[in-house]
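Enquirer: Use the sequences and the hints to build the structure in full.
Here is what each chain is made of, one letter per residue.
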Amino acid sequence: MSLYGLQKLMYELNRDEALQSQYRADRDSILSNFKLDAEERQAIDDEDIGLLYILGVNGQILMHFAAMCGYAWPDYIQAMRDALQVHGNVRAGIYATTDGQGAI
Amino acid sequence: MSLYGLQKLMYELNRDEALQSQYRADRDSILSNFKLDAEERQAIDDEDIGLLYILGVNGQILMHFAAMCGYAWPDYIQAMRDALQVHGNVRAGIYATTDGQGAI
Amino acid sequence: MSLVFAGVCSHGPGITGRKDMADPQHVAALYAAFAQMRHKLEAAQPDVLVVIAAEHFANFFMNNMPAYCLGLADEYSGPIEDPEWLGIARTTFPGAPGLSKRLIQSLLEDVDVAYAEEWKFDHGISVPLHFLTPACDLPIIPANINCQGPPLTPLHRAWAFGESLGRACTAAPERIAIIATGGISHWPATPDSGKINEAWDREFLTRWAANDKAKLLSYTDAETYAEAGQGGFEIRTFIALACATQGMPAAVDYYQPIPIFAVGCTVGTVDVR
Amino acid sequence: MSLVFAGVCSHGPGITGRKDMADPQHVAALYAAFAQMRHKLEAAQPDVLVVIAAEHFANFFMNNMPAYCLGLADEYSGPIEDPEWLGIARTTFPGAPGLSKRLIQSLLEDVDVAYAEEWKFDHGISVPLHFLTPACDLPIIPANINCQGPPLTPLHRAWAFGESLGRACTAAPERIAIIATGGISHWPATPDSGKINEAWDREFLTRWAANDKAKLLSYTDAETYAEAGQGGFEIRTFIALACATQGMPAAVDYYQPIPIFAVGCTVGTVDVR
Ligand SMILES: [Fe+3]
Ligand SMILES: [Fe+3]
Numbered sequence: 001m002s003l004y005g006l007q008k009l010m011y012e013l014n015r016d017e018a019l020q021s022q023y024r025a026d027r028d029s030i031l032s033n034f035k036l037d038a039e040e041r042q043a044i045d046d047e048d049i050g051l052l053y054i055l056g057v058n059g060q061i062l063m064h065f066a067a068m069c070g071y072a073w074p075d076y077i078q079a080m081r082d083a084l085q086v087h088g089n090v091r092a093g094i095y096a097t098t099d100g101q102g103a104i
Numbered sequence: 105m106s107l108y109g110l111q112k113l114m115y116e117l118n119r120d121e122a123l124q125s126q127y128r129a130d131r132d133s134i135l136s137n138f139k140l141d142a143e144e145r146q147a148i149d150d151e152d153i154g155l156l157y158i159l160g161v162n163g164q165i166l167m168h169f170a171a172m173c174g175y176a177w178p179d180y181i182q183a184m185r186d187a188l189q190v191h192g193n194v195r196a197g198i199y200a201t202t203d204g205q206g207a208i
Numbered sequence: 209m210s211l212v213f214a215g216v217c218s219h220g221p222g223i224t225g226r227k228d229m230a231d232p233q234h235v236a237a238l239y240a241a242f243a244q245m246r247h248k249l250e251a252a253q254p255d256v257l258v259v260i261a262a263e264h265f266a267n268f269f270m271n272n273m274p275a276y277c278l279g280l281a282d283e284y285s286g287p288i289e290d291p292e293w294l295g296i297a298r299t300t301f302p303g304a305p306g307l308s309k310r311l312i313q314s315l316l317e318d319v320d321v322a323y324a325e326e327w328k329f330d331h332g333i334s335v336p337l338h339f340l341t342p343a344c345d346l347p348i349i350p351a352n353i354n355c356q357g358p359p360l361t362p363l364h365r366a367w368a369f370g371e372s373l374g375r376a377c378t379a380a381p382e383r384i385a386i387i388a389t390g391g392i393s394h395w396p397a398t399p400d401s402g403k404i405n406e407a408w409d410r411e412f413l414t415r416w417a418a419n420d421k422a423k424l425l426s427y428t429d430a431e432t433y434a435e436a437g438q439g440g441f442e443i444r445t446f447i448a449l450a451c452a453t454q455g456m457p458a459a460v461d462y463y464q465p466i467p468i469f470a471v472g473c474t475v476g477t478v479d480v481r
Numbered sequence: 482m483s484l485v486f487a488g489v490c491s492h493g494p495g496i497t498g499r500k501d502m503a504d505p506q507h508v509a510a511l512y513a514a515f516a517q518m519r520h521k522l523e524a525a526q527p528d529v530l531v532v533i534a535a536e537h538f539a540n541f542f543m544n545n546m547p548a549y550c551l552g553l554a555d556e557y558s559g560p561i562e563d564p565e566w567l568g569i570a571r572t573t574f575p576g577a578p579g580l581s582k583r584l585i586q587s588l589l590e591d592v593d594v595a596y597a598e599e600w601k602f603d604h605g606i607s608v609p610l611h612f613l614t615p616a617c618d619l620p621i622i623p624a625n626i627n628c629q630g631p632p633l634t635p636l637h638r639a640w641a642f643g644e645s646l647g648r649a650c651t652a653a654p655e656r657i658a659i660i661a662t663g664g665i666s667h668w669p670a671t672p673d674s675g676k677i678n679e680a681w682d683r684e685f686l687t688r689w690a691a692n693d694k695a696k697l698l699s700y701t702d703a704e705t706y707a708e709a710g711q712g713g714f715e716i717r718t719f720i721a722l723a724c725a726t727q728g729m730p731a732a733v734d735y736y737q738p739i740p741i742f743a744v745g746c747t748v749g750t751v752d753v754r
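Residue numbers (our numbering), protein chains in the order written: chain A, 1 to 104; chain B, 105 to 208; chain C, 209 to 481; chain D, 482 to 754.
Just so you know, the hints here were simulated from the structure itself, not pulled from any lab data.
Be aware that one or more of the hints could be misleading.
Partial list, computed: chain B residues near chain C (C-beta under 10 Å) [stated by the list, open to error]:
1) M167
2) M172
3) I198
Straight line, CA to CA, 20 Å or less: simulated PhoX-like cross-link-like pairs of lysine-lysine [claimed, not checked]:
4) D/K601 x B/K139
5) C/K328 x A/K35
6) D/K582 x D/K601
Using N, Cα and C, we set each Cβ at its ideal position, and we do this for glycine too.
Expert: This is how it looks when you write it as structure tokens:
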């Protein structure tokens, strides 16, 4: 249920501006509250949106986290497309790609 | 909706031991997250279980907060009975007393 | 038929937390009744235990208060209460997420149940499990009916929930035990704590043992509040189990008002054969 | 009859957040359609606006995911998104807790709706309100159908929710406007973002405008996922509104796929007279 913790972290960040500030000031103080495995933790530390997508994070959660990490919309979509090339399709959840060929 | 915030504070404290520790170490850092009016804030600061009961805090929430404040069971029940004498009956919610004459 | 055990019991935190304050003979008889319930449960060799509870703001608050909820976690923890205060040590309980998911999907066809991938047990579940699964090794699926924060779900929907849950359990290949825990009349955590309406309790238990749908659903919340206290709202759990076990003989094995436990302590079982 | 307005619309965050990236003529036509919808809404002089939404993990997560939820707060805030990213400033919206409570109590008779005394709007509600109540002065009651986190509520329960909500609104003395916002086919927040199944959308909208219950409820989630993407699960909101407005003529006022907005942008209204 590690994906659960990963998504819950982003869920709470997405809806709480005070938590976002704390996250920016002291990331560890937030991350210690969520069970993440090593790959998940690394993806968060690297702000690797593509890998987070592959790990199964729901797009409606990931979209806002990507924006918080400073991704512009086209870069965010492209990061997911690039990750498909590197890692193969999504490992869990309902956000697997069909052909990765949507417009923009 | 001040009672809502008062109850939510206790709800979160009751279910989270880490938050209880933080509350004991730095009460203000927790209380600042909840909208409380002056009377509610004073009742919390005074650990005035009787007044919190009168303000309408649900008994299933207050019971655990009272235990956290160190009230033994008979003292907790007595605090509510005493408060009825001082303040009159409960002001909100479903925990108004009938006659305050239960056993123990 | 995959329902192998069904029963009802009390869950007041005083039962474990204030046992030294009660009449020792009452305590001995109540604990013996729980032990008897445990023996019946164990003899049924269940794969999983579904607990229909009425939790008390341990997981559900007015920021998102579901009428019905089922657990969908790998494991659960509890109690949230101070272990010394409740007289029960903190522990973890295995879940049964595969069966949970199938039950939830089946229930959603006619009952709009919420689901929860984490859940901290309070005394409402921890007290029964303390007696019934002391080794904490039987997989648990918690279910909740909002009996605490009005607006409350009406009694006929608790019946519908029990019907849907019973049907889903029957369709599952697992050997499923189910208990309901709540009420009956009581004024817990008020200055009236210890007040018990024994006549009301005995009438309710008669209706429950008879599986008398019409009489079980005839209570209004206003009547229940006046005669059985806000704690009486928890009859929803017993009503749901009654519906899940329609047509099966049921018996009240133990009933005794114990004021310091703030409730008429009850153990009942259903003959599911 | 206290339902004075009913309509449906899209809510994709790109509609406001990426408006400079789209064909200006598309933007102008869509914004004009929203303005027309607003004029109809204002002409109906509602006391309150009920929004049937499919929120996206702004308030509801898998720790307690309700199939249906109604707001019960004095006021609401939103959007949760970065205002610059969404193109909508943060604000507060008045609630209507008295009516909320009556609707919830009525709904609970046959739909097991959760209630929420706080609620932060995401783009799913903030985008429609940006166009429809730009002064943020009309009291809002948010309603939610879980269209995001499986297990999802089945379509026939979304219909039942709409039926119960429509009945409750009809019984209320207030002048109630209601909108539903969701879908239709789209693959938002995936590498397929921008893909739109226009034929599927047009067929769905035909069924919606005809209030064709059998055809609206005939979709399976597997079919919807394959042909309309995970965003297609949001048809539940349109279906609920269709049931709440049974027997009333409905029309699709605007439909245009706009890939950079990641959805076939839609505005529809119901003639509630
Ligand atoms: Fe209880
Ligand atoms: Fe959406």
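Enquirer: Hint by hint, say whether it matches the structure.
Expert: Verification of the supplied hints:
1. M167: 4 Å, holds
2. M172: 7 Å, holds
3. I198: 5 Å, holds
4. D/K601 x B/K139: This hinted pair holds, its Cα atoms lying about 16 Å apart.
5. C/K328 x A/K35: Holds. C/K328 to A/K35 sits at ~16 Å (cutoff 20 Å).
6. D/K582 x D/K601: 18 Å, holds
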